[in-house]
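Given chain A, work out where chain B should sit, using these hints.
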Amino acid sequence: MKPDQIKRALADITAETDPTLKHLKLASLVSAVFREHGIELVVVGGSAIEFYTEGAYVSGDIDLCVDYSSTALTVRLRQEVMAQLQATGGPRSWQVGGLYVDVLAGFENLARTPVRRLDGPCGHVRISPVEELIVERVLISRYPGDYPPARDCAKKLLAAALLAEIETDWTEVKRLAEDPAYKNWNDLKQLVHEQAQALQIRSPYHPDE
Amino acid sequence: MNKPKLSKSGVPTIPMNEPMSWEDWLAGRRARRETGNRVAPEIIRRPTSSSDQRLRKLFHGERGLPFKKTDEL
Chain A
1 MKPDQIKRAL
11 ADITAETDPT
21 LKHLKLASLV
31 SAVFREHGIE
41 LVVVGGSAIE
51 FYTEGAYVSG
61 DIDLCVDYSS
71 TALTVRLRQE
81 VMAQLQATGG
91 PRSWQVGGLY
101 VDVLAGFENL
111 ARTPVRRLDG
121 PCGHVRISPV
131 EELIVERVLI
141 SRYPGDYPPA
151 RDCAKKLLAA
161 ALLAEIETDW
171 TEVKRLAEDP
181 AYKNWNDLKQ
191 LVHEQAQALQ
201 IRSPYHPDE
Chain B
1 MNKPKLSKSG
11 VPTIPMNEPM
21 SWEDWLAGRR
31 ARRETGNRVA
41 PEIIRRPTSS
51 SDQRLRKLFH
61 GERGLPFKKT
71 DEL
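Quick mapping for you: the protein sequence lines, in order, are chains A and B.
First residue of the first sequence: 1, per this note's numbering; consecutive thereafter.
First residue of the second sequence: 1, per this note's numbering; consecutive thereafter.
If you are wondering where the hints come from, they were derived from the structure by calculation, not from laboratory data.
Possibly wrong hints are sitting among the right ones.
Here are the computed lysine to any residue pairs in the SDA-like style, where the Cα-Cα straight-line distance is at most 25 Å [to be verified]: (1) Lys174(A) x Pro149(A); (2) Lys7(A) x Leu58(B); (3) Lys5(B) x Pro121(A); (4) Lys5(B) x Arg202(A); (5) Lys174(A) x Glu18(B); (6) Lys57(B) x Asp71(B); (7) Lys7(A) x Lys69(B); (8) Lys7(A) x Arg35(A); (9) Lys8(B) x Thr113(A); (10) Lys7(A) x Ala32(A); (11) Lys57(B) x Glu16(A); (12) Lys3(B) x Ala27(B); (13) Lys8(B) x Tyr205(A); (14) Lys189(A) x Pro15(B); (15) Lys57(B) x Arg92(A); (16) Lys8(B) x Gln190(A); (17) Lys3(B) x Trp170(A); (18) Lys68(B) x Tyr205(A); (19) Lys8(B) x Leu191(A); (20) Lys8(B) x Pro207(A).
The structure displayed is predicted, hence computed values, not measured ones.
Here chain A stands alone, though its shape is the one from the complex (with noise of 0.2 Å):
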């Protein structure tokens, strides 16, 4: 992007108040810049629910972690990609048009199904894939103790798939939520049923589909 073009983004993202659109248009610039250096960058957490719910649900800052590179992100280039957009802070949180952005480091996804992508101003988004979040918050809302934000999110994403806003692989998430790395099927198949009775729909996992 040209530094022109930079700061028009930048402009308009810091007088953006819609927390949601705020965080998205951000996201949507802040790949753009890491991707001119071949790295693609995945938004994760409650950022990545916000995109899928609406679900009002995040806070002031954005995770995003590093999914492929072709290059070697060091300490260097990470500050240099983020002086381009006039952050500061670092190495790892910076602070840019109003929020603070993470860029940790590997992403960690067990799902087969794709990174889902949205066009952003500044170029597509890639978000972390719906089924493994799904399996995720149900873990957090039970471990290591009963955690009710964590089932607000993941009723709020299981509503979103039910009722096919977001297209749903529920044979992954069954995947998902049987592997070692979770365990959690039973807690999982059951917060599913809850919510399809609450929507007045047939669950994925009735015996009858």
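For chain B alone, kept in the frame of chain A given last:
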């Protein structure tokens, strides 16, 4: 360009295998919020986290910007 698949509420589905356009994503915002509201409270932002100190400093005591109301989406 292909028409997007639609959700049960009639808004564009976030697809698995192709990018979603900005316009299609915007068009589904309100429906997605309303769906979530059927199963959980409207606002579920965590009251605390390990980032509290820096967030509350940046957002004047809050942990982020205020959310748009559902009918403003």
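Given hint Glu16(A) paired with Lys57(B) - CA-CA distance at most 25 Å:
19 Å, holds
With a cut-off of 25 Å on the C-alpha distance, tell me whether Lys3(B) and Trp170(A) pass.
24 Å, holds
Between Lys5(B) and Arg202(A), does the CA-CA distance stay at or below 25 Å?
Holds. Lys5(B) to Arg202(A) sits at ~20 Å (cutoff 25 Å).
For a C-alpha distance cap of 25 Å, please report whether Lys3(B) and Ala27(B) respect it.
Roughly 13 Å between the alpha carbons, so the hint for Lys3(B) and Ala27(B) holds.
Is it true that the CA of Lys68(B) sits at most 25 Å from the CA of Tyr205(A)?
At roughly 34 Å apart (the allowed maximum being 25 Å), Tyr205(A) and Lys68(B) break the hint.
Just to be careful, I want the Cα atoms of Lys5(B) and Pro121(A) compared with a cutoff of 25 Å; is the pair within it?
22 Å, holds
Does Ala32(A) lie within 25 Å of Lys7(A) when you go C-alpha to C-alpha?
With a Cα-Cα distance of about 14 Å, the restraint between Lys7(A) and Ala32(A) holds, given a limit of 25 Å.
Verify the proposed pairing of Lys8(B) with Pro207(A), using a straight-line Cα cut of 25 Å.
Holds, at about 22 Å.
Below or equal to 25 Å on CA atoms is what counts here, so check Lys8(B) against Thr113(A).
Satisfied, since the Cα-Cα distance of roughly 22 Å is no more than 25 Å.
Given the hinted pair Lys189(A) and Pro15(B), is their alpha-carbon gap at most 25 Å?
23 Å, holds
Given hint Asp71(B) paired with Lys57(B) - CA-CA distance at most 25 Å
29 Å, violated
Holds or violated: Lys174(A) and Pro149(A), Cα atoms, limit 25 Å.
22 Å, holds
Hint check: violations occur at hints 6, 7, 18; the rest are consistent with the structure.
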